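Colleague: If you want the building blocks of each chain, they are given just below.
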Amino acid sequence: MYEGAVQDLIDELGRLPGIGPKSAQRVAFHILEADGEDMKRLADAITTVKEKVKFCAICFNVSEENTCRICQDSRRDPSLLCVVEESKDVMAIERTRSFRGKYHVLGGSINPIAGIGPDQLHIRELLSRLSDDTITEVIVATDPNLEGEATATYLYRMLGSIGIKLTRLASGLPVGGDLEYADDVTLGRAFEGRTVMS
Amino acid sequence: MRISQLTLTDFRSYAQAQLTLQPGPNVLLGFNGVGKTNIAEAIGYLSTLSSHRVSQDGPLVRHGEQQAFIRADAHRGTRQALLEVEINPGRSNRARINRGNPVRATDVLGILRTVLFAPEDLELIKGSPTVRRRLLDDLAVQLRPVLGRVRLDYEKVLKQRNALLKSIRHQGFTATHESTLAVWDHQLAEAGSHLLKARLQMLSALRPHVATAYEQLSGSVRTARVKYLSSLDGEAPGARDSSADAPGPADPPDADDLSTALPDPGAADVASLDVSALESFSREDLAALMVQRLSAVRREERDRAITLVGPHRDDIAFTLDEVPVKGFASHGETWSFALALRLAAYRVMVDDDPSEGAQPVLILDDVFAELDARRRRRLAELAAEAEQLIVTAAVDDDVPASLMHNALRVESVDQISQVTVHERD
Numbered sequence: 001m002y003e004g005a006v007q008d009l010i011d012e013l014g015r016l017p018g019i020g021p022k023s024a025q026r027v028a029f030h031i032l033e034a035d036g037e038d039m040k041r042l043a044d045a046i047t048t049v050k051e052k053v054k055f056c057a058i059c060f061n062v063s064e065e066n067t068c069r070i071c072q073d074s075r076r077d078p079s080l081l082c083v084v085e086e087s088k089d090v091m092a093i094e095r096t097r098s099f100r101g102k103y104h105v106l107g108g109s110i111n112p113i114a115g116i117g118p119d120q121l122h123i124r125e126l127l128s129r130l131s132d133d134t135i136t137e138v139i140v141a142t143d144p145n146l147e148g149e150a151t152a153t154y155l156y157r158m159l160g161s162i163g164i165k166l167t168r169l170a171s172g173l174p175v176g177g178d179l180e181y182a183d184d185v186t187l188g189r190a191f192e193g194r195t196v197m198s
Numbered sequence: 001m002r003i004s005q006l007t008l009t010d011f012r013s014y015a016q017a018q019l020t021l022q023p024g025p026n027v028l029l030g031f032n033g034v035g036k037t038n039i040a041e042a043i044g045y046l047s048t049l050s051s052h053r054v055s056q057d058g059p060l061v062r063h064g065e066q067q068a069f070i071r072a073d074a075h076r077g078t079r080q081a082l083l084e085v086e087i088n089p090g091r092s093n094r095a096r097i098n099r100g101n102p103v104r105a106t107d108v109l110g111i112l113r114t115v116l117f118a119p120e121d122l123e124l125i126k127g128s129p130t131v132r133r134r135l136l137d138d139l140a141v142q143l144r145p146v147l148g149r150v151r152l153d154y155e156k157v158l159k160q161r162n163a164l165l166k167s168i169r170h171q172g173f174t175a176t177h178e179s180t181l182a183v184w185d186h187q188l189a190e191a192g193s194h195l196l197k198a199r200l201q202m203l204s205a206l207r208p209h210v211a212t213a214y215e216q217l218s219g220s221v222r223t224a225r226v227k228y229l230s231s232l233d234g235e236a237p238g239a240r241d242s243s244a245d246a247p248g249p250a251d252p253p254d255a256d257d258l259s260t261a262l263p264d265p266g267a268a269d270v271a272s273l274d275v276s277a278l279e280s281f282s283r284e285d286l287a288a289l290m291v292q293r294l295s296a297v298r299r300e301e302r303d304r305a306i307t308l309v310g311p312h313r314d315d316i317a318f319t320l321d322e323v324p325v326k327g328f329a330s331h332g333e334t335w336s337f338a339l340a341l342r343l344a345a346y347r348v349m350v351d352d353d354p355s356e357g358a359q360p361v362l363i364l365d366d367v368f369a370e371l372d373a374r375r376r377r378r379l380a381e382l383a384a385e386a387e388q389l390i391v392t393a394a395v396d397d398d399v400p401a402s403l404m405h406n407a408l409r410v411e412s413v414d415q416i417s418q419v420t421v422h423e424r425d
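Quick mapping for you: the protein sequence lines, in order, are chains A and B. 85 is the number that full-length UniProt numbering gives to position 85 of the first sequence; each next residue is one higher, with no gaps. 397 is the number that full-length UniProt numbering gives to position 397 of the second sequence; each next residue is one higher, with no gaps.
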């Protein structure tokens, strides 16, 4: 145990995701030894992010305005809506530059063990976005794991009856990879989801 | 399939041991507690990444050490692979194949196939249904490693679904709960039907071999039978305690109309199917039947906050003709039945891959002491068909002379096990 402030810092850092006690200690000592100006900028960045950044009122992506830049962008196709779990998924899809529609961030996935049900996600808001006829296709891009699949199934149950085209991202082989290196489950999925060539 | 060299480092009672195993029979001899079974366990671990004695990896590492290594030269026909597994309790295990870069431990699954019979296998007959389910699941995973993932998925879905049922009990039932539950029903049925289908396939593959092996071992005129008891069948034990509820009124349609929006997974007319013939069902029919059964026990599940239908509630019945083995058979009969199950598993694996050199390594841990002379002789004859056989015994005379080719003496010095080649006359 260290004295007062140092231990407080280690404790706080240790609460961050992906940082264990050893890493927390390393980061804390780095901060202690680093240039005062640099660390002031870090502290400011943390304060600013908490003060300024909020969630978009429409899609729940992170935003500095009331509505995010993507929702405001009139060049984006308003008829396509991509549903993702987290804001970082928006960034991942944006990097591909192949999707020109809009997003809806659920804020997680259905996970009863963690106490997250549909009511804790932004599903009600999604339904109200779909209430006019602007959106014609909803693309479900939740993670291809158990909880993500459960969330997709839930959305399918909710939206199946209202007559909007519902699609799910394909899962299968990674591009540029070798067939022999794919794991069995992925390869099996790729077989199930094979596409017709002619 | 066979192993030529086996090296253990800090595994169980071994600090460091290297032994050379021959094709055909190998006999490990030594007093109780010197570490014979540890060798059997290590070889089994290389093929299944699990121990037949403990469910956690912790006890596999020698007391006071952090990690254990098992290294083996595995041969299949003319091909050879050097397998190395590093056991790190509490962290992920690692493996290397042919001195390559470390890979996930699961990548070694399927390279070495073994069938292990141990005294613990008496639990197959006498123990809880978990042991019997594991027999089928482990065999299925050995034949089709991808099922390991299905099994894991099923356990995860089950945990999620039970967590949901518990929160329903705490918070009271709402329409959202019903529609979320329906989602998990669907997930449970998907994973569950794959698991169930695999089990039923394993059981029908085992059935003829169990009957033959039992007859060959015991010379008995009674036929050894195996039957799957499914919780999908209203009469099976898993479902019996809920049958009082079944004819009662169906759940009120408080689920809102969403639950009707989704077509059933299989959309088959499950009502017309004969539940006693589960083995003929398609995977889709099994899924549909499971969804239907889940909704039938909905009320009781809500009360008890556990999932009452699914492969995790199933069992397997073993009978001699029509008489249950558990409770009615003698010790020798019980022992022979358990042994017949393992020998049948061995033959199912041989059927699955009949190519030369693909036979699993057969390991008989401390079996002969429990059998009479006639059954010992019969077992020795049956076991001789394996390309490599590993036998452990405390008393030399227990092992039929026909198997005494490569005898290894296991000793314990200061509680550390050692193996020496034992030249016998």
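None of these hints come from the bench; they were simulated from the model. Fair warning: there could be bad hints in the mix.
Unchecked claim - List time: in silico DSSO-like cross-link candidates among lysine-lysine, alpha-carbon distance up to 30 Å:
id, chain 1, residue 1, chain 2, residue 2
1, A, K88, A, K52
2, B, K159, B, K126
3, A, K88, A, K54
4, B, K326, A, K88
5, B, K126, A, K88
6, A, K50, A, K40
Said to hold, decoys possible - Sample of chain A residues at the chain B side, in silico, Cβ under 7 Å:
id, residue
7, I113
8, Y181
9, A182
10, V185
All values reported here derive from a predicted model rather than from experimental measurement. Glycine included, every Cβ here is placed at the ideal spot set by N, Cα and C.
Colleague: Run every hint past the structure and note whether it holds.
Modeller: The hints, checked one at a time:
no. : hint            : result
1   : A/K88 / A/K52   : holds (18 Å)
2   : B/K159 / B/K126 : holds (27 Å)
3   : A/K88 / A/K54   : holds (14 Å)
4   : B/K326 / A/K88  : violated (56 Å)
5   : B/K126 / A/K88  : violated (53 Å)
6   : A/K50 / A/K40   : holds (15 Å)
7   : I113            : holds (4 Å)
8   : Y181            : violated (11 Å)
9   : A182            : violated (12 Å)
10  : V185            : holds (5 Å)
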